[in-house]
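Here's the letter readout for the chains.
Number of protein chains: 2
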Amino acid sequence: MLTFIGLGLGADGISLQGLRAAQEADVVYAELYTSLLPGLVLAQLEKRIGKRVRVVSRRDVEEDPGEILDHARWKKVAFLVPGDPMIATTHVDLRLRAAKAGIGTKIVHAASIASAAAGLLGLQSYKFGPSATVPFPDNPSTRPYEVLAENLKHGWHTMLFLDLRDKERAMTAPEAIRLLLGLEERLRGGFFTPDLLLAVVARAGADDCLVRADQVERLQREDFGPPPHLLVAPGRLHFVEAEALQVFAGAPKEVLVWHMTRR
Amino acid sequence: MLTFIGLGLGADGISLQGLRAAQEADVVYAELYTSLLPGLVLAQLEKRIGKRVRVVSRRDVEEDPGEILDHARWKKVAFLVPGDPMIATTHVDLRLRAAKAGIGTKIVHAASIASAAAGLLGLQSYKFGPSATVPFPDNPSTRPYEVLAENLKHGWHTMLFLDLRDKERAMTAPEAIRLLLGLEERLRGGFFTPDLLLAVVARAGADDCLVRADQVERLQREDFGPPPHLLVAPGRLHFVEAEALQVFAGAPKEVLVWHMTRR
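If you're matching them up, the sequences are chains Y and A in order. Here the first sequence stands for residues 1249 to 1511, numbered as in the working numbering. Here the second sequence stands for residues 1249 to 1511, numbered as in the working numbering.
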């Protein structure tokens, strides 16, 4: 049996159900490469679970999951994953391999960054269009710009995740803003402009979590502390959403008024 | 201080961080009207927290939150919420009232049904367009049909939540399918047709959770057990997504091929 268990958004983000499943497992693996989990200390997690946690690399999971699957054939295996499991394709792939090998699978859910970010900003999650990731410049893509443009045309909110290479290389919000302004300069669609209303969510779920909303040109010059960061471009705003952006994310009133008269 | 704490998707869906925050609170409230939490037993939750949980009604929260706010002015108040907090506007509104009264607020996240449903089906969450709720016929709306139509045009997935009036009145998947076929008959857009590929997620996060994918006309005749249910209409499918629908949700191969050649 292979049980995917979400770690949620940081230290102690795992659910009671997830902790119990990990405690009952014979072998516990964890991957920590698909997200940064601020505040997560492996030794503390091992203490809570009461057993050693084997941290696996992307290579282990994607190219050579034989060991995990071999264990799961005869024993209870727990596979700990940042956020809510199955958000990353790599986990769906592992689950499919297990199922094809006749191994039962189970998912224990936890908080995901997408739902948390919407909630922290007070934006209604049903009004979000598709999302995208802003990639590092050595792997350029116009997709985040295109997704943003299409969502803005419809009045929908857009969540933009920021690329993560490893613990030492997580994109920051100002870096992502610079890249998006570069795309605007090339594509000239008029969507990601310096006066666009944008929100930044830093370290969602952590004690020092920070949310900010303002025009792009102002956010570009701010310091949001250590990653993970993500961006949200609001679309059409309900008045409760606008008020939440003002009260919780410090959006200036005149910027909100300007945004709401345009969209 | 008013701390909103997510209960996740059922019994023991609360995170370790959330449990600790509830244990440290002076007063603990819970609202259980925005979602059904399969398997949640109040007495068990009270035992875990070690104090009485005061269950409040929609009316208490929306019209008369004075008691909650009065407590939160001087004491630590925990407010337990199904799923991930702030998904419902009613909580954003309560948080705004607290902030305007000078009361500090905090959010402890947990699993949300939206992220869980995508993960259970193996569908990539970034490819979901906006979502909608299928309302009971006494409160009719064409919005779910319109959202579905727009998403399908773009090749995006659509999540359709089903209306909930109270514990005794939660819409089932076949009921929602009937209502959507009724909308198709009226609007004749050709989007919600009997041959559409659709998925049903029943009791996400519970031990007896069930996922199914097939054509509308077949799902309409199936029994998915007790609610909560929700619907997902897949858009353009990556081959890993198609495989997941086949392996985990029992989608017939010919239905997937037909879907993928059309979209």
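Worth double-checking, as some hints may not be accurate.
Treat identical chains as interchangeable: a pair holds within one or across any two.
Listed below are the simulated DSSO-like cross-link pairs for lysine-lysine, each with C-alpha atoms no more than 30 angstroms apart in a straight line [said to hold, decoys possible]: (1) K1401 / K1299; (2) K1295 / K1501; (3) K1295 / K1324; (4) K1324 / K1401; (5) K1354 / K1401; (6) K1501 / K1299; (7) K1401 / K1295; (8) K1295 / K1354.
Calculated from the structure, these hints are not laboratory results. Treat the numbers as computed from the prediction; the structure is a model and nothing was measured.
Mind listing which of the numbered hints don't hold for this structure, in increasing order? Violated: hints 1, 2, 4, 5, 6, 7.
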